[in-house]
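S.K.: Listed below are the residues making up each chain.
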Amino acid sequence: MPGSSFFCRAGLGLLLAATLAAPAMALGAGESPILKRIAERNAITIGHREASAPYSFISREQRVEGYSIDLCMKVVDAVKARLEKPDLQIKYVPINTTNRIALVANGTIDIECGTTTNTLARQEQVEFSPIFYITGTQVLVSAANSAKEVEDLKGKRVAVLQGSSNEQSLRALNDSEKLGIELVYAKDLGEGALLVASDRVDGFAADGGQIKVFAATKAQPKGSLKVIGRLLTYDPYSAMMQRGDLDFSLLVKRAFAETFRSSEAEKLYEKWFGPLGITIEPELKTAFVIQAIPR
Amino acid sequence: MIYHWDWSVPISAPYLGWLMSGLAWTLLVAGAAWVIAFVLGAAIGILRTLPHRGARMIGAVYVTVFRSVPLLLQLFLWYFVVPELLPASVAHWIKRDLPLPEYWTSVIGLGLFTAARIAEQFRAGIQAVGRGQSMAAAASGLTLLQSYRYVLLPVAARYVLPPLTSEFLNVVKNSSLALTIGLLELTGQSRQIEGVTFHGIEAFTAATLIYVALTLTAIAAMRAIERVVAIPGLMARV
Amino acid sequence: MGGIDLDLIAATAPFLWDGLCTSFQLLLLAMAGGISLGAILAVVRIAGPKPLAALAATYVNGLRSIPLIMVILWFYLLMPLATGRPIGAFTSALVAFTIFEAAYYSEIIRAGIQSVSKQQLAAATASGLSQLQAYRFVVLPQAFRKMTPILLSQSIALFQDTSLVYVVGLRDFMTAVSVTANREGHLVAFYLFAALVYFVLCCTGAQSVQLLKKSMVSQ
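Protein chains in written order, with the working numbering: chain A, 1 to 295; chain B, 1 to 238; chain C, 1 to 219.
Next comes chain A alone, as it looks inside the complex (with noise of 0.2 Å):
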């Protein structure tokens, strides 16, 4: 039938298109799905918080940057260069706590530049890029309060971001300590801060230094909120990105290390956290050297 073999040499020809088609589409990404689906999309997807000052916000301007958007932009450089793409497209997409991992693993997501502890337990969900900051938890409370650890708060509220780190470590503290403190959820770093700044609640458990830069930057009047409590947790920072692409997360990791060899992040961080007064702590810096991890 002619009508049959019309078709059978079209679906041949798209068949013949397909495979030349293929490794030109997919060049450079290699097995990486990520890899390849930034290709296919000549975008990568990056994840961002809304009011993480000075690690990952939306400035006034509208931009999305910080310390750990800096950081990832490293990343994209890497992955500009090894798919050939230099006018690779940068997509932005807003997370917050409850919904950052669920993001990163179904793929929305390409890596997430924020403020996410690296945990065992998560990594079962997805991956991590070395650690670019570390900090704890701790109490912003107002000036005016007179606790000094977060046991002083017993009975009292105290905010939290809901699916965070802290949530998790102020919880478990309450039950073994019986402190009876109330949590209260917050969506943002932002909002915690006000619901400390409004008396809404005693204190705002969270990454130290972030509150620490709020209570520096943002809090109104001056000096009118302060961070108190030695660290509850070990929180170190890492990018996360979809698990089980061994490519892209070696990708990531080559990009930090150079970045951490070539005291690029030392910079980095004097760019963001300097006009705050903040120096890097010795860790951090001691972090970096351990994991510029030779070529």
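Because the hints were derived from the structure by calculation, they are not lab data. Keep in mind that a hint or two might mislead.
[To be verified] Mimicking DSS-like on lysine-lysine, the simulated pairs with C-alpha atoms at most 27 Å apart in a straight line are:
#1 A:Lys-80 x A:Lys-36
#2 B:Lys-95 x A:Lys-226
#3 A:Lys-91 x B:Lys-95
#4 A:Lys-74 x A:Lys-271
#5 A:Lys-178 x A:Lys-148
#6 A:Lys-271 x A:Lys-226
#7 A:Lys-148 x A:Lys-222
#8 A:Lys-212 x A:Lys-271
#9 A:Lys-212 x A:Lys-285
#10 A:Lys-253 x A:Lys-267
#11 B:Lys-95 x A:Lys-178
#12 A:Lys-212 x B:Lys-95
#13 A:Lys-253 x A:Lys-36
#14 A:Lys-156 x A:Lys-222
#15 A:Lys-222 x A:Lys-212
#16 A:Lys-156 x B:Lys-95
#17 A:Lys-271 x B:Lys-95
#18 A:Lys-267 x A:Lys-80
#19 A:Lys-80 x A:Lys-271
#20 B:Lys-95 x A:Lys-154
#21 A:Lys-267 x A:Lys-74
#22 A:Lys-80 x B:Lys-95
#23 C:Lys-118 x C:Lys-50
#24 A:Lys-271 x A:Lys-218
Keeping the supplied structure of chain A fixed, place chains B and C upon it in accordance with the hints.
M.R.: Showing chains B and C alone in chain A's frame:
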């Protein structure tokens, strides 16, 4: 990406308990908001049918304002804005001395929002009873209060039953917005389970089924009430 | 936390305006999708074969019994997990709204169709139109004319519902306001401003629907 299904998550400890506590909060928010919405809604619906212009105006303004702003924003206004506009002592009481501020904020916000919708149902119900009836009541010497009490409201209440059923269901569904001000009701809890176990699909399926079950129960209950209170010959319903 | 200066308004206005545009985009696309899908569901429920009609009824009643927030979260967080294909916040919100609002639109359209007299359908089929053509050219146009005001009222409700994309962080007007308010620390001023904007828009919308209704009655 392979999703590891585990349907035991929503029915195992402690997550089953979380879901049940979420369900309890959903019912507590919806129930209390419903009481406010029903009482206030009926009152405003009646206001809108009274012969006094001023009363009708008040009712109309209330309904317009509360129907023109999204419920989510109304909740934010009650939670973040209103306390800041009040005198410091009152604000302090709302924020600190009032137990469960997130709960009461949700109840008030949802109640006042729904009252505007219920008011419209009552107004329509009373107007559906008809001018004739209210004039007949007046002609037979009843005062305005009596004509509402004995003639208009008993009939109108039966007219508004079916739309009230769907408004009640709306309250249950809209109570999910309480999660935005930090109350862990059913939807909030399923999100919490998702965050801890990463088994979101199972948790959300369980919550979805609970909502469907709530709806079916409410519909069945309202049908039963409609049958009991039906006036023979007036509202022929099978 | 009260006062707000002009610089701040000028600095944040473009961001809020973008948000408002996103809200309207979502509204118009979800209206188009929701009304189309709603019309199909309504016709299937009234004139479709029994099993299909039952399916459509289950769809409508099922969706009407779950909260919109749930539907939005389902499409944003969970569908991609199950299918392995991620969809962006806007697309997922649009799909969620279309599928959700279709259930509500379909109930309005069904009532509209049922208000068109049976003789019309009979006359149309008698004059040689197929059942489908009769609905397409005779019944639906009349039904739509009758129910336009109610469809528009529902769309005002839909516009307010678009604020719920806040839960997935899609930058509509509400989210833009919230992000700005939290960043600038001016919750009171920004939320009041947002309330004013929604009030003016929805009030104008509702008034227009009233006028339309009146002009339709007088015709």
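S.K.: Please verify whether Lys-156 of chain A and Lys-222 of chain A have alpha carbons no more than 27 Å apart.
M.R.: holds, 24 Å
S.K.: Does Lys-80 of chain A lie within 27 Å of Lys-267 of chain A when you go C-alpha to C-alpha?
M.R.: Holds, because 22 Å separates the two Cα atoms, which is no more than 27 Å.
S.K.: Can the restraint linking Lys-178 of chain A and Lys-148 of chain A be considered satisfied, given a maximum Cα separation of 27 Å?
M.R.: At roughly 18 Å apart (the allowed maximum being 27 Å), Lys-148 of chain A and Lys-178 of chain A satisfy the hint.
S.K.: Taking 27 Å as the top limit, are the C-alpha atoms of Lys-212 of chain A and Lys-285 of chain A close enough?
M.R.: Roughly 19 Å between the alpha carbons, so the hint for Lys-212 of chain A and Lys-285 of chain A holds.
S.K.: Would the hint linking Lys-80 of chain A and Lys-271 of chain A be met if the CA-CA limit is 27 Å?
M.R.: With a Cα-Cα distance of about 24 Å, the restraint between Lys-80 of chain A and Lys-271 of chain A holds, given a limit of 27 Å.
S.K.: If you draw a straight line from the CA of Lys-91 of chain A to the CA of Lys-95 of chain B, is it 27 Å or shorter?
M.R.: Violated. Lys-91 of chain A to Lys-95 of chain B sits at ~40 Å, over the 27 Å cutoff.
S.K.: Between Lys-95 of chain B and Lys-178 of chain A, is the straight-line Cα distance small enough, at 27 Å or below?
M.R.: holds, 24 Å
S.K.: With the threshold set at 27 Å, check whether the alpha-carbon distance from Lys-271 of chain A to Lys-218 of chain A stays at or below it.
M.R.: holds, 18 Å
S.K.: Given the hinted pair Lys-80 of chain A and Lys-95 of chain B, is their alpha-carbon gap at most 27 Å?
M.R.: violated, 51 Å
S.K.: Is Lys-253 of chain A within 27 Å of Lys-36 of chain A, Cα to Cα?
M.R.: holds, 18 Å
S.K.: Holds or violated: Lys-74 of chain A and Lys-271 of chain A, Cα atoms, limit 27 Å.
M.R.: Between Lys-74 of chain A and Lys-271 of chain A the Cα gap is close to 15 Å, so the pair holds against 27 Å.
S.K.: Between Lys-148 of chain A and Lys-222 of chain A, is the straight-line Cα distance small enough, at 27 Å or below?
M.R.: holds, 20 Å
In summary, the numbered hints that this structure violates are 3, 17 and 22.
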